[in-house]
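> Single-letter residue listing:
Protein chains: 2
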Amino acid sequence: MGAESVWSLDPRTGERRGDAPVAVAADPAAVDAAVRAAHAALPALADRARRSALLRAAAARLHAGGESLVAAADAETRLGTARLTGELARTVYQLRYFADLVDRAADAGGFLDIRTDTADPGLTPPRPELYRVQLPLGVVGVFAASNFPFAFSVPGGDTASALAAGCPVVVKAHPDHPETSELAAAALRAAAVEVGLPEGTIGLVHGFAAGPELVRHPLLAGVGFTGSPRGGRALFDLAAARPRPIPIHGELGSVNPVLVTPAALAEPGAVEQLAAGLVGSFTLGMGQFCTKPGLVLLPAGSVGDACAKAVADATAQVPAGVLLDARMREAFLDGFAARAALTDVQALAPAGPAASAEAPLAVLPGVLSVTAEAALRDSHELLLEECFGPGTVLVRYADADEAAAVLGRMDGCLTATLHTPADDPQAPAWLAALAAFAGRVLFGGWPTGVAVADAMQHGGPYPAATSSGTSVGGAAVERWLRPVAFQSVPQALQPRL
Amino acid sequence: MGAESVWSLDPRTGERRGDAPVAVAADPAAVDAAVRAAHAALPALADRARRSALLRAAAARLHAGGESLVAAADAETRLGTARLTGELARTVYQLRYFADLVDRAADAGGFLDIRTDTADPGLTPPRPELYRVQLPLGVVGVFAASNFPFAFSVPGGDTASALAAGCPVVVKAHPDHPETSELAAAALRAAAVEVGLPEGTIGLVHGFAAGPELVRHPLLAGVGFTGSPRGGRALFDLAAARPRPIPIHGELGSVNPVLVTPAALAEPGAVEQLAAGLVGSFTLGMGQFCTKPGLVLLPAGSVGDACAKAVADATAQVPAGVLLDARMREAFLDGFAARAALTDVQALAPAGPAASAEAPLAVLPGVLSVTAEAALRDSHELLLEECFGPGTVLVRYADADEAAAVLGRMDGCLTATLHTPADDPQAPAWLAALAAFAGRVLFGGWPTGVAVADAMQHGGPYPAATSSGTSVGGAAVERWLRPVAFQSVPQALQPRL
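Heads up: the protein sequence lines correspond to chains A and Y, in order.
Take the first sequence: its position 87, counting from 1, is numbered 87 in the working numbering, and each next residue is one higher.
Offset between the second sequence (1-based) and the working numbering: plus 497.
To be clear, the hints were calculated from the coordinates, so they are not data collected in a lab.
Please note that the accuracy of each hint is not assured.
What the hints assert, rightly or not - Taking CB as the label site, the calculated pair distances span:
#	chain 1	residue 1	chain 2	residue 2	range
1	A	Ala190	Y	Ala929	52 to 58 Å
2	Y	Ala760	A	Arg104	25 to 31 Å
3	Y	Ala989	A	Ala400	19 to 25 Å
4	A	Asp237	Y	Ala683	49 to 55 Å
5	A	Gln491	Y	Ala763	34 to 40 Å
6	Y	Gln923	A	Arg104	30 to 36 Å
7	Y	Ala760	A	Ala60	47 to 53 Å
8	A	Arg36	Y	Ala763	38 to 44 Å
Stated by the list, open to error - So the derived list for chain A, only partly shown, Cβ under 10 Å to chain Y, looks like this:
#	residue
9	Thr81
10	Glu194
11	Val195
12	Thr371
13	Gly412
We put the beta carbon where it would ideally sit given N, CA and C, even for glycine.
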């Protein structure tokens with residue numbers, strides 16, 4: 001009985017690349033070995049200077065190996081070398097950004113979040129001397145995403161933030177890019193060895209069964225996940241059902257609605273600019289972004305009509321492309337067709353297969369249109385759910401009440417966007433309505449593109465996320481820490497972290 | 498069909514107090530009404546000045562009504578008026594403490610945790626202007642504890658911290674003190690009305706079935722729980738199984754081990770002082786504290802023998818008392834007997850019934866002793882689990898390795914305590930070993946008594962807590978908030994919170 005082989009696939013054809021598998025699926029013993037090796041690295045990671053050195057060394061190695069990493073990722077995802085070069089640069093920046101946070105962790109505002117109290121026996125109850133600091137949770141399991149082979153995968157934000165916190169990681173590779181995963185993991189492990197940390201600081205496992213095995217492992221202390229609602233919920237349920245439940249920070253899905261007010265379309269050129277921006281955003285990376293704007297509230301009437309037409313026209317100009325894998329392609333085409341088949345839904349641009357000799361699995365993006373009245377019907381709930389891929393739904397509303405009713409039906413979202421002039425007296429009320437269900441609220445612009453920044457929030461109410469954490473930006477580190485208060489411990493004996 | 502009556506009981510006899518029930522159990526409609534009324538109060542609570550006014554008004558009313566509150570609580574719990582007067586003072590202080598935090602919420606270090614980024618289009622990825630702030634989660638369900646009729650019940654830390662965050666609450670009263678719960682809820686609701694907030698800001702429900710009903714309610718956004726591992730886990734499972742899971746911050750149980758090194762017993766008088774401190778701590782409030790020291794690692798040998806004897810002698814001096822209810826009494830007596838019945842376990846002071854005419858349900862505290870070698874046997878696992886009530890287990894260790902092995906077997910704990918001189922070269926290693934499984938690590942002293950302070954951590958790895966949150970101290974507010982980033986929102990339109 002040999003181990004199950006893991007092959008790299010060509011997303012244009014769905015066929016195997018190369019003559020040999022790139023890895024083997026991890027059986028339970030292999031998962032156990034990876035978790036134990038990571039756990040053994042925990043004490044070494046307590047050295048904060050070494051952690052930031054690791055993150056910087058990893059950044060340097062990924063940067064140096066950029067050409068082969070991007071080539072592998074493009075062969076496995078067909079996201080294009082321009083996009084992938086940018087994504088790798090983002091990933092390198094992200095590692096250095098977290099290294100800086102590690103260096104500043106003990107400062108005011110740093111993630112060690114040091115709080116102190118002096119003794120005051122006169123209070124009720126009396127107060128002892130207290131020193132509160134954040135300790136690493138333990139081994140973190142990271143589930144790589146299909147759509148970001150670097151930034152949300154092996155060397156991505158979950159890995160970087162966990163290492164920054166002092167937590168070793170075991171990454172479950174995504175089957176859409178096993179070769180890229182192996183290359184990136186090798187770079188991270190070499191960086192660990194370079195700075196004197198155990199190789200086991202970063203583990204990598206392949207294969208579907210390795211996921212549940214990882215989440216159930218007694219030594220696992222937390223999980224980061226980016227992926228589908230179905231997969232994420234299954235892992236969430238496993239994490240909650242453990243004898244000792246562990247936190248799972250999952251990012252599962254998001255509709256990312258955009259509200260366009262009539263006033264936003266009033267200026268000359270506004271209609272064309274909005275249409276171009278929207279189409280650029282929802283077809284970026286073939287719509288395979290968790291922040292893709294999947295529902296756009298457009299006013300009814302002639303200006304809205306003109307905007308809808310401009311969106312349809314711009315969409316028709318977008319060339320066909322391939323999705324990350326055959327399953328995703330099928331889910332997109334089926335999902336788009338199911339929405340298009342609902343009564344009173346109009347396909348302004350029909351998504352569909354667009355096979356070529358080179359890319360038999362290519363598809364064209366699509367746009368649907370529906371009135372808010374119809375979108376609010378119970379029978380049309382599907383329109384308010386995410387359809388991953390290059391498609392969006394224009395929802396034409398008659399008045400503010402209708403727009404508010406649609407927003408009120410939204411599940412938790414990563415983002416929500418308002419297009420209206422800054423002097424719109426209703427703007428604060430709309431922003432509050434968006435903040436009620438979203439983790440990031442944009443005034444103008446488009447939600448695709450997530451900055452790595454101190455004030456970023458990439459999360460939101462369920463199913464956007466399974467916790468209040470963020471998976472992008474400085475606060476991401478906080479997910480992998482737990483506070484401990486030291487009471488009456490002499491300063492010389494307090495841990496230096 | 499009338500609603501099920503809720504009676505106040507006398508813990509000395511287990512019999513009903515008074516001629517009439519003090520409340521009725523909430524049926525599903527009553528739970529729904531309470532949650533909806535609380536949800537309707539959410540917008541009004543956005544006014545931060547009103548929130549701190551509410552907390553102060555509640556503190557003033559509880560203080561003013563102290564005599565009747567303490568009388569009711571003593572009749573229902575028999576914790577004694579001295580203890581209950583202190584607990585009420587603590588609760589009043591806690592409300593004012595959170596009011597101060599609300600006033601300072603937007604300052605640096607305040608719980609709104611405001612983070613900002615300026616735009617920098619030159620970064621990879623480009624950075625927009627960002628403003629990140631914490632918004633209230635929504636309606637919070639609070640499960641009151643049996644053992645603190647004020648500080649961890651209707652007007653307790655979960656309620657105060659949730660209101661501070663801007664979250665209305667629905668409290669599930671504990672059946673051990675329904676009359677006290679009604680009085681406290683009336684005071685809180687009157688305070689709400691006094692400051693111009695809806696009465697529904699604070700809801701109260703009674704009855705076992707109201708608990709699951711509350712956790713399953715679609716409008717509930719979070720849960721605070723203090724109680725048993727069994728009850729807490731059941732609610733945790735319900736919260737995780739919801740179509741939209743919600744966070745549950747539960748405090749379920751803790752052994753709170755104490756490590757006494759040989760050096761700690763070397764000074765003249767140290768043995769007696771340690772014994773007196775331990776017995777005072779584990780019998781305080783009849784051992785009905787989540788922070789009760791339930792396991793004490795004492796060195797083998799003659800000094801340890803002397804200490805064990807001093808503990809037994811001091812325990813024999815403790816008068817009998819009643820536990821909070823008949824079920825708790827039974828669980829304690831059964832739990833103590835089961836541990837005492839294990840091979841090689843010695844009862845230095847046997848816990849048992851101590852009925853008197855006035856208090857037929859009274860019990861005496863107890864102390865068990867066992868070698869570390871025996872305690873580490875798989876058959877003796879029970880000794881490493883919490884036994885709620887006035888009992889503790891002395892574990893006699895031969896050397897540091899044995900002590901470390903016992904600590905290594907500990908489940909998550911709220912506290913862990915080290916007794917050793919400050920110049921013990923092993924002290925930092927022991928402190929690290931304790932911090933690996935505890936939320937609060939004490940150097941000397943005793944874990945009972947939890948200060949309301951900025952740097953407090955009252956939580957710990959599961960089952961001490963079901964999250965990384967704290968249920969006591971300033972950070973408790975953070976459990977009821979979620980971050981939202983506002984991107985490119987003009988300053989005038991950013992929410993003022």
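> Where does the structure disagree with the numbered hints, that is, which hint numbers, in rising order?
1, 2, 4, 5, 9, 10, 11 and 12
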